[in-house]
Amino acid sequence: MESILDKSLVESLIPQKAPFVMVDKLFSFTENAIIAGLTIPADNIFVQEGMFTEPGIIEHMAQSVALYTGYQYYLKNEPAPTGYIGSIKDVEVLELPLAGDDLITEVTVLQEFMGITLVDIVTKRNGTLIANGQMKTVLAK
5 MESILDKSLV ESLIPQKAPF VMVDKLFSFT ENAIIAGLTI PADNIFVQEG
55 MFTEPGIIEH MAQSVALYTG YQYYLKNEPA PTGYIGSIKD VEVLELPLAG
105 DDLITEVTVL QEFMGITLVD IVTKRNGTLI ANGQMKTVLA K
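Residue numbers (the numbering used here): 5 to 145.
Hints may contain errors.
To be verified - In the DSSO-like style, the derived pairs of lysine-lysine whose C-alpha atoms are separated by at most 27 Å in a straight line are:
| id | residue 1 | residue 2 |
| --- | --- | --- |
| 1 | Lys21 | Lys145 |
| 2 | Lys11 | Lys80 |
| 3 | Lys93 | Lys145 |
| 4 | Lys21 | Lys80 |
| 5 | Lys80 | Lys29 |
| 6 | Lys140 | Lys11 |
| 7 | Lys11 | Lys29 |
| 8 | Lys145 | Lys80 |
| 9 | Lys140 | Lys93 |
| 10 | Lys29 | Lys128 |
| 11 | Lys128 | Lys80 |
| 12 | Lys11 | Lys128 |
These are computed hints drawn from the structure, not numbers from a lab.
All chains should be built: construct the whole structure from the sequences, respecting the hints.
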């Protein structure tokens with residue numbers, strides 16, 4: 005697949021809408037992984053004093069998972085389903101990025117069963133690990 009760098013197309017693949025969109029690029033997609041990105045806008049609701057805060061990073065991680073699911077549905081010509089964070093485990097935020105920074109997040113699917121997806125997530129800025137953890141997402145029925 006070719007990277008999707010068109011913000012509006014990426015936004016159409018997730019259920020979240022502005023101003024709550026925390027992904028704007030899809031770099032790669034495979035059966036068990038996705039690499040998503042975000043250039044942090046200065047006016048992002050999670051930017052405080054020029055820093056992208058922990059809730060923003062966690063929401064970016066969750067929306068990277070939503071993008072994985074949304075792109076699967078897009079390939080089947082079906083609308084993206086709404087999902088929820090079921091659980092967050094062992095999330096570490098090692099440093100806060102600045103507005104204008106580019107985040108690259110790699111999601112690896114560990115398990116997918118009956119609308120529940122368990123993933124491992126790693127977020128980097130300029131090749132440096134800034135956050136990681138595990139998340140379980142659940143599709144709304």
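For this session: Hint by hint, work out which the structure violates, then give me just those numbers in ascending order.
Result: 11
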